[in-house]
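*Asks:* Put together the whole structure using the sequences plus the hints.
The sequence shown maps to residues 39 to 97 in this note's numbering.
Quick caveat, the hints were computed from the structure, so don't treat them as lab data.
Hints are all accurate, no fakes.
Computed spacing ranges between beta-carbons, pair by pair: (1) 63 / 90: 29 to 35 Å; (2) 88 / 59: 22 to 28 Å; (3) 87 / 59: 19 to 25 Å; (4) 87 / 53: 16 to 22 Å; (5) 95 / 63: 37 to 43 Å; (6) 64 / 87: 30 to 36 Å; (7) 60 / 80: 18 to 24 Å; (8) 95 / 60: 32 to 38 Å.
All values reported here derive from a predicted model rather than from experimental measurement.
Here a beta-carbon is modelled for each residue, glycine too, at the ideal position from N, C-alpha and C.
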Amino acid sequence: MGRFVDLVDVLVLLVFDVVLVLVLFEFELVVFELVVFLFLLLQLLVLVQLKLWNRSSRL
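*Replies:* Have a look at this one:
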């Protein structure tokens with residue numbers, strides 16, 4: 039069950055990221071878009087690290 043929730047979290051973040059990037063791309067705010075994209079990528083990496091850390095601490 040926990041793994042499914044983790045997967046849903048990551049998928050929701052990815053969908054949100056893609057939608058945000060597409061919307062920003064329409065406005066052609068390239069620099070702002072890159073900054074936001076990098077921030078969201080970092081957020082995703084942190085989330086994955088937390089999930090892995092939680093999983094290893096449970097063992």
